[in-house]
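A.B. asks: Chain by chain, the residues:
Protein chains: 2
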Amino acid sequence: MSDSSPVAIKPVVAAIESHTESKPVALDLSHHLSIESVIRQKSLLKVSSSYLACDPELLSLAAGLPSPSLFPIEKITATVPIAKQESARNGLWKNDGLLPDTRRELQKKKDSSLKGQSEYDLSAALQYEQGTGAKQLLKFVKEHTEIVHNPQYRDWDCIMSGGNTHAMETVFRMLINPADYIILEEFVFPETAEGLKPLRAKMIGIEMDEEGMRSDSLRQLLEAWDETARGSKRPGVLYVVPTGQNPTGATMSVQRRKEIYDICVMYDLIIIEDDPYYFLQMSDYVPGADPTVVHVPKTNDEFVSTLLPSMLSIDTQGRVLRLDSFSKVAAPGLRCGWITGSDRFIERLLRHNEVGLQFPSGVSMAVLHSILAEAWGQDGYLDWLVNLRAEYTSRRNALLDAMDKYLPREVCDWVVPSAGMFVWLHIDHTKHPRKDNGIEAVEMELFEAGIDNKVLILPGAWFKVSPEARDVFFRATFASVSAEDMKLAVERFGEVLRKSFGFVGLDDL
Amino acid sequence: MSDSSPVAIKPVVAAIESHTESKPVALDLSHHLSIESVIRQKSLLKVSSSYLACDPELLSLAAGLPSPSLFPIEKITATVPIAKQESARNGLWKNDGLLPDTRRELQKKKDSSLKGQSEYDLSAALQYEQGTGAKQLLKFVKEHTEIVHNPQYRDWDCIMSGGNTHAMETVFRMLINPADYIILEEFVFPETAEGLKPLRAKMIGIEMDEEGMRSDSLRQLLEAWDETARGSKRPGVLYVVPTGQNPTGATMSVQRRKEIYDICVMYDLIIIEDDPYYFLQMSDYVPGADPTVVHVPKTNDEFVSTLLPSMLSIDTQGRVLRLDSFSKVAAPGLRCGWITGSDRFIERLLRHNEVGLQFPSGVSMAVLHSILAEAWGQDGYLDWLVNLRAEYTSRRNALLDAMDKYLPREVCDWVVPSAGMFVWLHIDHTKHPRKDNGIEAVEMELFEAGIDNKVLILPGAWFKVSPEARDVFFRATFASVSAEDMKLAVERFGEVLRKSFGFVGLDDL
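Going down the list, the protein sequences come from chains Y and C.
Heads up: take any position in the first sequence, counting from 1, add 7, and you land on this note's numbering.
Heads up: take any position in the second sequence, counting from 1, add 7, and you land on this note's numbering.
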């Protein structure tokens, strides 16, 4: 756009770029590719575009692209909020609205790039695109990835995806043959397991603690792996949600991340790092404090430096495939995210895109480009993220306050989540009068009694990788419920627990 | 939108609906499902939304949906052209611009559906959506499908796709196990074959004539199928592009469509009807006439009644899966289309969507909904399509005029395409001085000589399913090149042919 602010590149990027040459190249880990992925070939039609790229005088009767003049959209305008900037932050965020008054109207018009008014215009956004996704948006996410994760090897790359569920499907198909094992956390988002079953992957869930997947359990499994007994070679893929895990809300410490990574190096596993909640890392919870006031970093440099290192940033060999999504930091309806990894893997994913989704919606990419590259820039995006995480921190605090107040501590405990959108409620089934019916029966009784008492909270059984249950769990979210409704919902569930466990306190009668 | 015109439902829809009850139900063809597809399970998380749908008083701590108030888009405005309406058409279309002066500005705002101002607002478009795609857009495409195709059985349904390449991938995976055979036309769009190879499908290309796939060749293949010799059961899937086929431009007659369908009934094949060029069916080409003046139907009823019947509309058993795309009739960057078929198959595709793409971009769907349901309505969309096909007819005429003028008829012939975006140029290699080098060598010589003479036109070899070549072919497109550039490009290729074949005419020296 003619009136766009220049993208503010952080000094750190220049510093990184200057020492890229000294970074090692990734290992060749192509023995991990599935049969399906190995077979993929470069698209013949891309060859014809390479001819055109080489010779601008060439007249083409080749590509069957519809004519942009016939696209029935003349102009798209997006009205975009501008977050409170770091210069206006003083280390405290007050819940007076995430979105300050500042708005910008951004336009994408046809053919404005021809006139030098836009690097990514509407004609391009509405036309066929490369399987990588729009290079203009890709440039932004690569810079962002460099600022935040600074990969430790030279030949990393990114490719746009249709969001993390789509990214997961393509990455699973790239790495897993039927009957291969895959390692997961013991509790996962149901769609992860539901996506793996049709691929006939064998799933193993590793025990979790408050920091997520236990490294000792992982090591033990791999050390003791018996090919004959298992009927298959050692697993080659580990899938993990290291930050604000869904459903447990667990976040891995730096130490845990390094341990898991080192084990994967030792046993040659590829790590799929699915990390949509990375930027929802929160400040500490202080019980009794005003939940609407949240500490925030004073500067964006401070913000970036306090974020936990991703598995990608720990990786020196190119064995991490990191899945980033715009669903939690912008909007899920955009169906847009990106995958980062060694360029050997990214190239295979590109081959898959060319005969699958092709590329995420150009309208989504154009809107994101307007917001990120034109309205915000790298610094403005970090401003947005600082404000966003403060907003979710405040919501988390409200839910935790309600849990503190209304849930019976005699049978309940939970870890304060330091990231994400979920609190994982643990309930001690051994104190339940009908414990002999089994853990699942107690859980279902509580779930159904919840429905009867007008509160919906999801049972742990829905998230389990293996059928055995360790105890009763429930997942509660603070993502999109008002503080008042959360309070009322938790109060109702507290009543359910007291009644079901037979605690008749003064307030229950 | 508060100011939207009411959607004009054609009288025909009411008539169809009243006799839906008398239509037969589809056959159970679920024995065609792949192992992968059979295994798919209903998503557990959808269960939780069904609880919410049943009890509006339920407070939910269940779904981890981000809060719409935190989506960084306040408003999206699309400026949309309105096509010349049927009342203003007199049977002739003059190339005075497809797009008349009429424009509308359509807005999608957050929460406007709560206020009754919109049936599909920006909050919904930016949020997680069902795997079917947005019900508001689905409603429009189902009405459209009923008006245009009027399926002959009762239990058909539609699901939104991420465009036809995405639809193809999901449908192939639903129907094909590794080592299964699939039947195609002898020439296909390269991405079709490139998508099938990683699935390890065995492809058989059926000989084509000017009406596309030959029914006699198809019958012969299936009749003579020898399981032992082939090492596999008879193929269960036939993939066909019946209208304006890519690359050959061939369009099947009504008779051919019925023959192919009947053969598929007899041998129990599922038909994948990939039909993105359906609405680019054109009026006759009159050599020497003004290419910029095109006959168009006077009314939309006439338009619909002159369209060839789709395989879907012929189907009485639910064995056709029809793939429709917005790429050629609106814009490819939207990455949006839909699949129509028996609800048994649509349900399986829904299960796949839930763990794959999830749904097409909500921004794309919102923009399409603005255009189709709010600005145009069913009748306005037909107006658009009438104008669009006139525009492409005019472009086709210009290319054919140039071919008539510049290509040496001694060695070239072609069928006038009655639909689509392509002309398939046949060249008689037996007249070539270096014919003994083989067909492929002659084709590559011509291709490379074209590049040297600054014209890019794609060789037939790139589109072949089997390695054997019958003769030399080239695909030329008239989709997005100006009349002047087409003329110049064809003139250049004519020079290439004359020189390569050794015809030294007066104008070549």
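Simulated from the structure, these hints should not be mistaken for laboratory data.
Watch out, some of these pointers could steer you wrong.
You can't tell identical chains apart in this list, so a pair holds if it fits in one copy or across any two.
[As the list claims (entries may be wrong)] Below 30 Å or equal to it, Euclidean Cα-Cα: the simulated DSBU-like pairs (lysine-lysine) are:
no.: 1; residue 1: Lys-412; residue 2: Lys-142
no.: 2; residue 1: Lys-101; residue 2: Lys-494
no.: 3; residue 1: Lys-91; residue 2: Lys-116
no.: 4; residue 1: Lys-438; residue 2: Lys-412
no.: 5; residue 1: Lys-204; residue 2: Lys-116
no.: 6; residue 1: Lys-101; residue 2: Lys-82
no.: 7; residue 1: Lys-412; residue 2: Lys-117
no.: 8; residue 1: Lys-265; residue 2: Lys-101
A.B. asks: Which hint numbers does the structure go against, in order from smallest to largest?
C.D. replies: 1, 5, 7, 8
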